[in-house]
Amino acid sequence: MTFSRRNFLAAGFFSSAVVLMDGCSLFGITTPIDTIRVLEKDLFSKAGALGIETGDYMHIIMHHSRISHADKTYIKNGVKWLNEVAIKKHKKSYTKLSITQREELLKEVVQTEWGDSFLYTIMGYLFEAMLGDPIYGGNNREAGWKWLAFEGGRPRPKEPFL
Amino acid sequence: MVDVCIVGSGAGGSPIAYELSRAGFSVVVLEKGKNYTEADFNKDELAVCRRDMFTPKLEDEFHIINEYQEDGSIKRYDGREYNWSFWNGNMVGGSSNLMSGYFHRLKPDDFRLKSRFGEIEGANVVDWPINYEELEPYYTKVEQVVGVSGKVVDHKHQEPRSTADFPYSELQTNGVTQWYDKACKTLGFDVMPTPRAILSQNALSRNGCYYSNFCGSYGCASGAKGSARAALLQKCDAKVITDAFVYKLESDGKRVTKAYYYTKLGIKHVVEAKIFVLAAQAIESSRLLLNSKSKFFPNGLANSSGEVGKNLIFSAGGSGSGRFVFEKLTQEQQKTLMQTGVFFNRSLQDWYAYEKDGKSYKGGTIDFLFEHQNIIPRVMKEVYDEDGNLLWGEALAKKVHKRLTQSRVLTFEVFNDWLPTDKCFVSVDSQAKDRWGVPVGVINLYGHKHDLEVGEFLAKKAVQVLKEMGAVEISYDISNAPPPNLVAGGCRFGKDAKTSVLDKNCKAHDLQNLYVTDASFMPTGGSVPYTWTIYANSFRVADKIKKELS
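First to last, the sequence lines map onto chains A and B. Each residue of the first sequence is one higher than the last, beginning at 1 in my numbering. Each residue of the second sequence is one higher than the last, beginning at 1 in my numbering.
Since the hints were made in silico from the structure, they are not lab data. Treat the numbers as computed from the prediction; the structure is a model and nothing was measured. Glycine included, each C-beta is placed from N, C-alpha and C at the ideal position. It cannot be assumed that every hint is accurate.
Think about it this way: if two alpha-carbon atoms lie no more than 20 Å apart in a straight line, the pair counts; the simulated SDA-like pairs of lysine to any residue are [to be verified]: (1) A:K46 with B:R378; (2) A:K46 with B:T405; (3) A:K158 with B:T37; (4) B:K402 with A:F150; (5) B:K258 with B:L204; (6) A:K158 with B:E38; (7) B:K268 with B:T242.
One side only, chain A facing chain B, incomplete, derived with CB under 8 Å [said to hold, decoys possible]: (8) V19; (9) H64; (10) R66; (11) G132; (12) L148; (13) R156; (14) P157; (15) F161.
Sequences are here, hints too, so could you generate the full structure?
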């Protein structure tokens, strides 16, 4: 599936704003996709080095009927929590931090139960994008499979599921 | 009115459809799922294994699970909230489309567990009302009609056979099997190729295996796998109605008269038949009977004994693994290890029965196989370091690359009896309903401690083999966790109508024309995967129904 502008505009929920609070006052707004794009690069830059864009795949996840509403809400909440820690610590949202600051922040949040769980969840989707069938838009030219000397099963899907 | 109406199109229902329709009777099969053919199947890991495209969404259809706790309390789980699914393949042919096809027969002692091994406290062990000799011709028929490949070797628990060998030769195997065979020889264990319900050559108007490397959990694109659909339903004139969820069977007190079903849009339909066969998978068959209450059967259809849903069993045991690493192998061995596509196909049945501390135990089967090739779970297994810390970045990339390209995991699965007990049974919930408004099934879970003892014994034998082969990181997990794809019981057959639901021919004691032919009939499960026995028994019952209709 390629990501056309039409598809992108249809992706309202995932593009919609997440309100970020600094204590009791409004700090700003962000969208989950902005944060997740940066977060996925921080978690596994190898994907980008292989020419694989994993962020777009999250649009599919956030609109997939097989992903429960609770799971979608969890992703959105995780983005909110991650940003709130960033704001509390640096007065900046996650995407505005330097690489070093983001790395330190990840080391801090992974020590918490929610942080470990959220990062693990995002990694799962990241590897789905990177190592799933190229028909879903990630795993560009099977670069993920080639990196791991993996041959996908045959026959390959002719169209994406959903 | 048709001659036979079958609820469910899997391994329990399809042999009846195949035999009766080929004998000239009119047969209708009601299947809740969709129809897929070989042309529809592919190896899309995301769709099949990550998004579960062949099972219902839990938001629509689910179970309540009541888990028995050690302190005697019950913990209730809503399958929707805990993402706990007991669905398998909702499709024409059922879960047989997705099986790995590890095919072992039961052995004579499995039919007389109580007589042979005695009572076990807290368990409802009984002998079967039939013996191995009565089922043997049908095991042979399955080999020939569904297609089983393998090689019979002499070992101390080899069951009697009416034919010398399997009709189809062994599937191709990986060279690592030679390491395994050598290790077993050193240890004095009997090497046994695993029989598979997979054609090793073109036969039966189906293509042979093309070694896709993705067999279990996936539909077969060649038709080599002996699914109920490929082997039976596609070869007979039975009318299969898809998108048909049967929610009620109606009776006049003596005979079932109608089966009611909903389409996915909620439209009601009814089928009338002379004979009804229920084969919706063990849990759902009990659920349907319990939901089919009437003035004749206030506690559920065919349930005058109160036994419907009781003595639910799973396959007990667990699994384990060991890793082979390049550092310990020659270049030639590394190449052999990484050869994909071909199977491993080795089993151990040396301890199908064994003596320990002067006592006879019913043991089980150990199957060895390479770790499933799905790549996403293999990568996700590597995201934590040895201390349980989440890795990311370059450290994770290095680890993933090394582990996946310079080592490979051999796994084993232990199958032993899940003892039937009063605490493990199916009921229906008084409040929770599925998307059609039908009360959902409740799975009351309890595993007997004896099952763990036997499982541990067997797992330690498998560990010996892995050690002898030179594997590292050997571990195993034996637990009472129920495998959702290996479920049986709930409508056990027996001679006494007060203590069983079905007679020896799997006809309900209470009704003249209702048969149950999925794994529900099994009072004990044996120590092997059930599918071959379900097929064989269904062929046996088909002969009884044929006689009755004639």
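Practice task
List in ascending order the numbers of the hints, as given earlier, that are violated by the structure.
Solution key: 5 and 8
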